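K.L.:
Residue numbers (the working numbering), protein chains in the order written: chain A, 357 to 683; chain B, 357 to 683.
Remember, identical chains collapse to one label, so a pair may be satisfied in a single copy or spanning two.
Below, simulated EDC-like cross-link-like pairs (lysine to aspartate or glutamate); rule was C-alpha separation at most 16 Å, straight line: (1) Lys595 / Asp571; (2) Lys606 / Glu485; (3) Lys395 / Glu406; (4) Lys482 / Glu591; (5) Lys467 / Glu679; (6) Lys595 / Glu485; (7) Lys602 / Asp623; (8) Lys545 / Glu500; (9) Lys383 / Glu403; (10) Lys552 / Glu504; (11) Lys603 / Glu485; (12) Lys359 / Asp440; (13) Lys602 / Glu485; (14) Lys676 / Asp469.
Bear in mind the hints are in silico, worked out from the structure with no lab data behind them. Source: prediction; values computed, not measured.
2 protein chains.
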Amino acid sequence: MVKLIVDMMGSDLGSAATKEGVRRFKKNHPDCELVLVGKLDELSDMEGYEIIEANDTVGMTAGAMEVLRKKDASMVKAVRAAADPEMHADGVISAGGTGAFLSAATLILKKIDGVKRPALVTSFPKLTEKGGYVTILDCGSSNENTAEELQQFALMGSLYSNAVFGVENPRCGLVANGSEEGKGSPLGKEAYKLLKEDTKVNFIGNVEGNQLLTDYTDVAVCDGFTGNVLLKTTEGVAKGMGNEIKKAFKRSCWSKIGYLFAKKGFDVFMGKMNPKKIGGAMLVGVNYVAVKAHGNSDGESFESAMNIAYKLAVNNVVAKIKEGFVK
Amino acid sequence: MVKLIVDMMGSDLGSAATKEGVRRFKKNHPDCELVLVGKLDELSDMEGYEIIEANDTVGMTAGAMEVLRKKDASMVKAVRAAADPEMHADGVISAGGTGAFLSAATLILKKIDGVKRPALVTSFPKLTEKGGYVTILDCGSSNENTAEELQQFALMGSLYSNAVFGVENPRCGLVANGSEEGKGSPLGKEAYKLLKEDTKVNFIGNVEGNQLLTDYTDVAVCDGFTGNVLLKTTEGVAKGMGNEIKKAFKRSCWSKIGYLFAKKGFDVFMGKMNPKKIGGAMLVGVNYVAVKAHGNSDGESFESAMNIAYKLAVNNVVAKIKEGFVK
Chain A
357 MVKLIVDMMG SDLGSAATKE GVRRFKKNHP DCELVLVGKL DELSDMEGYE IIEANDTVGM
417 TAGAMEVLRK KDASMVKAVR AAADPEMHAD GVISAGGTGA FLSAATLILK KIDGVKRPAL
477 VTSFPKLTEK GGYVTILDCG SSNENTAEEL QQFALMGSLY SNAVFGVENP RCGLVANGSE
537 EGKGSPLGKE AYKLLKEDTK VNFIGNVEGN QLLTDYTDVA VCDGFTGNVL LKTTEGVAKG
597 MGNEIKKAFK RSCWSKIGYL FAKKGFDVFM GKMNPKKIGG AMLVGVNYVA VKAHGNSDGE
657 SFESAMNIAY KLAVNNVVAK IKEGFVK
Chain B
357 MVKLIVDMMG SDLGSAATKE GVRRFKKNHP DCELVLVGKL DELSDMEGYE IIEANDTVGM
417 TAGAMEVLRK KDASMVKAVR AAADPEMHAD GVISAGGTGA FLSAATLILK KIDGVKRPAL
477 VTSFPKLTEK GGYVTILDCG SSNENTAEEL QQFALMGSLY SNAVFGVENP RCGLVANGSE
537 EGKGSPLGKE AYKLLKEDTK VNFIGNVEGN QLLTDYTDVA VCDGFTGNVL LKTTEGVAKG
597 MGNEIKKAFK RSCWSKIGYL FAKKGFDVFM GKMNPKKIGG AMLVGVNYVA VKAHGNSDGE
657 SFESAMNIAY KLAVNNVVAK IKEGFVK
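With the rest of the complex left out, here is chain A (with noise of 0.2 Å):
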């Protein structure tokens, strides 16, 4: 059975959002058991959970001082209970401050052995008619990495990829600017040859942005400067286009008209880019589950981080990680 720790108190919109997504997710797990943690009085009408009481919560801006120093905030309490072994927990779900829940599971989860430094993982659907998700990491970690980083990025992303999405021997390319093995940033140049010769992950040679949502590759490795600017500029450009295609719909009674015609097409379609559907992203590189919710989260996409959660645990990805480190 998959146990999950839920900080109630890290979303912008307040305990309110969380405590939808926690039922929305419930009715479709049922099996899963689930441990909150925060305020008792937000919290008091959550009956028949296990609730972990903890009165402060970290700054949105946080970073490892005041995730040591705030041993009563939400997230702290989340985090540590995840990695109590008497909690037998597989993870832990928070909407905080990013830098805060990224200090938090490196410090108190802890690296598993063998990797230099974690990743934060995110999935983008594949535009193609085939489907399927591109697997992209690091997106926003760290601030630089070195190439012996990159190549255990895509060795985890390749098992990450295995693991959710089921893909067989996922392909792995290196995000750059040109096609050529000659092309990348001075960091890239190194990471290629490293992961040339490296016999655990299927590596198929530089990417370049264009070819992410396509079926070019299903693991995209980048420094995580790199793929923080490119999550966000994907997220920009998804999120403008949408509200373009709202207004073509809107411009007329005509065009209002059409909607009603080729409504359905568009829900999937947007349903599919829909960022709270994707609602969150994984560190990778550490003992436990441990999941990043959007930070203005709302019941739906505080359920869809959460979903992520239960995947990971469901498909023993942790468990995957420690092993491809050994071998």
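Let chain A serve as the given structure and place chain B on it in line with the hints.
P.N.:
Just chain B now, kept in the frame of chain A:
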């Protein structure tokens, strides 16, 4: 009067595409003088134009050495013609390989006094009610940059935004993985300090990927590697979503009817996002207008690259950048 030199042999689609582009452009700009560079037999139907014979081409992946060696290549001859004082030309357009064009432009047109490194500029439409464009640089002319180079990109981008889009005192942001001052790559943090003290630029701090197509900034500065990833990712998402929109309308006979009703709004929107309408990137920081058209330019996108070159020439962007670096 504006005079432009056109490399007719650079497009992957051959001279038929560039010839169509030239004819379309000329129809709307009868006053602009054009000099065409290419094979005489392929240009025999271009009556009334001055033609420079060139019987060779440079490869798509050619670098500086090949550019210097291939003296009869159309791109090299076109760039040389632009730099020839007797020509009195304003600039040059080519759809040939990016690396070769950047090398040729830098070596032959030469950097403007004071400019450390030229930068490739692209502009994206802002997806807002107000419209307008965000100017992004460097989009891949360099692989690695110094903080001083980023500082100069900010000034060149601001002058470009003012000259081409008429933006008064353009806001200039630094692409980063977070909005606060402490965020950014090590390079970005250094550039932040320089830009904060720079009185020539209206620096507004960090800008994140999801703010680029909003009205948050007018100019976005980044190193060439990040800019190239950012540019191609944006193109990829826009293309992927464009395909999904088409698919959604083709889904059933009902959705096809829906398209007929909503067509007008979608044509406006898809036109805005059409990369063919953007068509080219400019190399700023050299002594002439230098526009790189898409490698797979058809007539429409080659025309649009010519439009950009014309606009840059009419608005004296090169002279304004020269002034900006004298002050």
